[in-house]
Amino acid sequence: MKDVSFGQYYPVSSFVHRVDPRLKILFLIAYIVAIFLANNFYALGACALVLVLTIAFSHVPVRKVFRAVRGILFLVVFTAAINVLFNASEEVYWAGPAVYWKWKIFSVTQAGIVFSAFLVIRLVLLVTFSSMLTYTTTPVALTDGLESLLTPLKWIRFPVHALALIMSLALRMIPILMDETERIRDAQKARGAAMDEGNLIKRVKAMIPVLIPLLLSAFRRADELGEAMESRCYMGGKKRTKYKKLRFTWRDLIAFLLIAALVTGVVLLRVYVGAFL
Amino acid sequence: MNPFPLRGLPLKGAARGRPPIITIKTMQITAEHLTYVYNPGSPFAVKALDDVSLTIEEGEFFGIIGHTGSGKSTFVKHLNGLIRLPSSQKHYKKPKAKKGQPAPVEPSLKVGEFDLADRKTDFRALRKKVGMVFQYPEAQLFAETVFDDVAFGLKNFEKDLKAEEIEAAVKAATEIVGLDYAAVKDVSPFDLSGGQRRRAAIAGVIVTKPEILVLDEPAAGLDPLGKKEIMELLHRLHRDWCRTIVIVSHDMDEIAENCTRAAVFSEGKLVCALPPKELFLKSEELLSLGLDIPLTAKLCAALAKRGVSVGCDFTVDGFVRAVLGAKGEKR
Chain A
1 MKDVSFGQYY PVSSFVHRVD PRLKILFLIA YIVAIFLANN FYALGACALV LVLTIAFSHV
61 PVRKVFRAVR GILFLVVFTA AINVLFNASE EVYWAGPAVY WKWKIFSVTQ AGIVFSAFLV
121 IRLVLLVTFS SMLTYTTTPV ALTDGLESLL TPLKWIRFPV HALALIMSLA LRMIPILMDE
181 TERIRDAQKA RGAAMDEGNL IKRVKAMIPV LIPLLLSAFR RADELGEAME SRCYMGGKKR
241 TKYKKLRFTW RDLIAFLLIA ALVTGVVLLR VYVGAFL
Chain B
278 MNPFPLRGLP LKGAARGRPP IITIKTMQIT AEHLTYVYNP GSPFAVKALD DVSLTIEEGE
338 FFGIIGHTGS GKSTFVKHLN GLIRLPSSQK HYKKPKAKKG QPAPVEPSLK VGEFDLADRK
398 TDFRALRKKV GMVFQYPEAQ LFAETVFDDV AFGLKNFEKD LKAEEIEAAV KAATEIVGLD
458 YAAVKDVSPF DLSGGQRRRA AIAGVIVTKP EILVLDEPAA GLDPLGKKEI MELLHRLHRD
518 WCRTIVIVSH DMDEIAENCT RAAVFSEGKL VCALPPKELF LKSEELLSLG LDIPLTAKLC
578 AALAKRGVSV GCDFTVDGFV RAVLGAKGEK R
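Protein chains in written order, with this note's numbering: chain A, 1 to 277; chain B, 278 to 608.
Hints were generated in silico from the structure; no laboratory data involved. There could be a bad hint or two in this list.
Pairs of lysine to any residue residues, derived as SDA-like cross-links and limited to a Cα-Cα distance of at most 20 Å, are as follows [stated by the list, open to error]: (1) B:LYS354 / A:ARG63; (2) B:LYS367 / A:ASP196; (3) B:LYS486 / B:GLU444; (4) B:LYS397 / A:GLU197; (5) B:LYS436 / A:ALA194; (6) B:LYS436 / A:ASP196; (7) B:LYS432 / A:ARG232; (8) B:LYS354 / A:ARG67; (9) B:LYS367 / A:ARG67; (10) B:LYS354 / A:MET178; (11) B:LYS367 / A:ARG63; (12) A:LYS102 / A:ILE82; (13) B:LYS397 / B:GLU383; (14) B:LYS575 / B:VAL587; (15) B:LYS324 / A:ASP179; (16) A:LYS202 / B:ASP425; (17) B:LYS554 / B:LYS575.
One-sided excerpt, in silico: chain B residues whose CB lies under 10 Å from chain A [as the list claims (entries may be wrong)]: (18) GLY318; (19) HIS344; (20) TYR369; (21) MET409; (22) ALA416; (23) PHE419; (24) GLY481; (25) VAL482; (26) LYS486.
Examples of chain B residues toward chain A, derived with CB under 8 Å [as the list claims (entries may be wrong)]: (27) LYS354; (28) ASN357; (29) LEU359; (30) ARG361; (31) PRO363; (32) PHE429.
We put the CB at the ideal spot given by N, CA and C, even for glycine.
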């Protein structure tokens, strides 16, 4: 549980930290689009380069960044395995047999290896870049950015402000609930609960003494928070002003140019180089 | 000639002509140079414990006093291995001595026969001997009935207990905490009142008869009557159930009234560990650490200002006796 660092702000000051949150959200979307447009390794390399630059200019320790990947390690390994085993295509990418091993419907082929390597890189880039957003942006800034980006939806009477509030509260509660989980885990471990032993079913069963108290306390917290907000006359989005107005600066321009270059580059590579290698 | 003619025979020491080796297993807690850093190497790094050396004897009713963030909870979590010493963790590297400096002292912690600095220690066996009641323990209740919740720890620690044995242990534990076993055993713990829930949670910890019982702020958030009842419960437990009791508390009256000895923590360091009688003589030092002093100590100080000096052990009874004694002298 301690290793889930997804969605935790890393409090240092850096270039990336100070980029406008609205843009950062758009950049994340653009980056995801770029990753999915990328259909060869050069394009993926460009995406990775942008990620490396982002990390370098964010002052977030690399170890911390890759902890986010550890959270989806199972997913990554699973996806890779499925893709290697079930890809029967006999395309050849390098000298050597196209099919290394075959048994019934399972096979290990060159195409399978290439394809799953591609997917793994995609997944890792995706998760790492997304976690960079939460590492470098405070939940408050993130919600402000999102609210501002979603403003057009207000015309169709979509409760943008409520959505933004729900988001920021959810983000805010992550560390609190993690602390709470830690506390309850400790309490149950002190009563001899075996949390990290046995097979999967045993482990899932061992979670029950943690999950039930956790859910209860989450509900209690939600109630208390609701009451606290009401007692301070919270009325939702109408006529609320902002403490911090968002403004674009030269940093935003540089970041924008970088992302724009990435997307353009990826599109060009897609058109002129084609799929894979 | 075989110099050890009896070697290999299944005889006790006495039969070999030597006095029998009697190992008295006392559950003494010995901490030496205990140091702990939260989130080492990150901007959140906090030194929670700094070179703490402390011994808690078996049979004590030990108090731990300190501010929020003074390291008292961290210390207490070490006692049953919820926080491991660095040397008991995987991938541990011994710190190297720098040139011209003595080798760094390694923290050590022993609880009875358990060496907590050793990775091979059976931490589950340790947790059976050292019961831990966290702050607001009612937050750990989860089962459908009080019986199941109290039995949870027991079933975890001892896999092959018969149903009757479990029932007997649960019954004894619920009764000693002052709950009516027949009335509560099939009730959901969430239907109990606040005070009852706390008792049920404590029963869930003591059901395994731990030799050391550690409680973090056992009376927090209770009304005065509830506090009194919890302290009475702790004395009952100390007398009949667990030999050593360690409580973490903010309430100095509670410490003065109940503890045989108390340790003061401040900013991760151990300031002192003394019986209340001596500890609260240092009222000024405690106040300068931002801690409170018991009402009896305040009264003693107020009396001293008026020229009446009463020496007492800072319990209410002791104070009254001392005051009456001083009055008698004046007559």
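Hint check:
1. Between LYS354 of chain B and ARG63 of chain A, the direct Cα distance comes to roughly 27 Å. Violation of the 20 Å bound is thereby established for this hinted pair.
2. With a C-alpha separation of about 15 Å, the suggested pairing of LYS367 of chain B with ASP196 of chain A holds against the 20 Å cut-off.
3. For the hint linking LYS486 of chain B to GLU444 of chain B, the alpha-carbon distance of about 14 Å falls within 20 Å, and the restraint holds.
4. For a cut-off of 20 Å, the pair hint linking LYS397 of chain B to GLU197 of chain A stands: about 16 Å separates their Cα positions.
5. Among the hinted pairs, LYS436 of chain B with ALA194 of chain A is consistent with the structure: their alpha-carbon atoms are about 12 Å apart, no more than 20 Å.
6. Only pairs whose Cα atoms come within 20 Å are accepted, and LYS436 of chain B paired with ASP196 of chain A is accepted, the gap being roughly 17 Å.
7. Of the supplied pair hints, the one linking LYS432 of chain B and ARG232 of chain A is violated, its CA atoms being roughly 47 Å apart against a limit of 20 Å.
8. Of the pairs offered as hints, the one joining LYS354 of chain B and ARG67 of chain A is violated, with about 26 Å between alpha carbons and a cut-off of 20 Å exceeded.
9. Taken as a hint, the LYS367 of chain B and ARG67 of chain A pair is honoured in the structure, with Cα atoms around 19 Å apart against an allowance of 20 Å.
10. Restraint check for LYS354 of chain B and MET178 of chain A: the C-alpha separation of about 18 Å stays at or below 20 Å, so the hint holds.
11. Between LYS367 of chain B and ARG63 of chain A the alpha-carbon distance is near 19 Å, which keeps this suggested pair within the 20 Å criterion.
12. Taken as a hint, the LYS102 of chain A and ILE82 of chain A pair is honoured in the structure, with Cα atoms around 14 Å apart against an allowance of 20 Å.
13. Our distance criterion of 20 Å between C-alpha atoms is met by LYS397 of chain B and GLU383 of chain B, whose separation comes to about 17 Å.
14. As the CA atoms of LYS575 of chain B and VAL587 of chain B are separated by approximately 12 Å, the hinted pair is consistent with the 20 Å bound.
15. Restraint check for LYS324 of chain B and ASP179 of chain A: satisfied, since their Cα atoms lie roughly 18 Å apart, inside the 20 Å limit.
16. Of the pairs offered as hints, the one joining LYS202 of chain A and ASP425 of chain B holds, with about 18 Å between alpha carbons and a cut-off of 20 Å not exceeded.
17. The hinted pair formed by LYS554 of chain B and LYS575 of chain B meets the criterion: a straight-line CA distance of about 14 Å does not exceed 20 Å.
18. Using the Cβ-Cβ criterion of 10 Å, the hint placing GLY318 of chain B at the interface with chain A is satisfied: the shortest such distance is roughly 8 Å.
19. A cut of 10 Å between beta carbons decides the hint on HIS344 of chain B: the least distance to chain A is about 19 Å, and the hint is violated.
20. This hint is violated: TYR369 of chain B has a C-beta 18 Å from the nearest C-beta of chain A, more than the 10 Å allowed.
21. Against a cut-off of 10 Å between C-beta atoms, the interface hint on MET409 of chain B holds, since the closest Cβ of chain A lies about 4 Å away.
22. Annotation: interface hint on ALA416 of chain B holds; nearest CB of chain A at approximately 5 Å, less than 10 Å.
23. Because the smallest distance between the Cβ of PHE419 of chain B and any Cβ of chain A comes to about 4 Å, under 10 Å, the interface hint for this residue holds.
24. With its C-beta approaching chain A no nearer than about 6 Å, GLY481 of chain B sits inside the 10 Å limit, and its interface hint holds.
25. Satisfaction of the interface hint for VAL482 of chain B is found here, the shortest Cβ-Cβ separation to chain A being roughly 6 Å, below the 10 Å cut-off.
26. The interface hint given for LYS486 of chain B is broken, as the beta carbon of that residue sits about 13 Å from the closest beta carbon of chain A, more than 10 Å.
27. Taking 8 Å as the C-beta contact cut-off toward chain A, the hint placing LYS354 of chain B at the interface holds, the least distance being around 7 Å.
28. For ASN357 of chain B, the interface hint holds, the least distance from its beta-carbon to any beta-carbon of chain A being 6 Å, beneath 8 Å.
29. Checking LEU359 of chain B against chain A by beta carbon gives a least distance of about 5 Å; that is within 8 Å, so the hint holds.
30. Of the supplied interface hints, the one on ARG361 of chain B is violated, with its beta-carbon coming no nearer than about 12 Å to a beta-carbon of chain A, more than 8 Å.
31. Against a cut-off of 8 Å between C-beta atoms, the interface hint on PRO363 of chain B is violated, since the closest Cβ of chain A lies about 16 Å away.
32. Among the interface hints, the one on PHE429 of chain B holds; its C-beta lies about 6 Å from the nearest C-beta in chain A, closer than the 8 Å criterion.
In terms of the numbered hints stated before, the structure departs from hints 1, 7, 8, 19, 20, 26, 30, 31, listed from lowest to highest.
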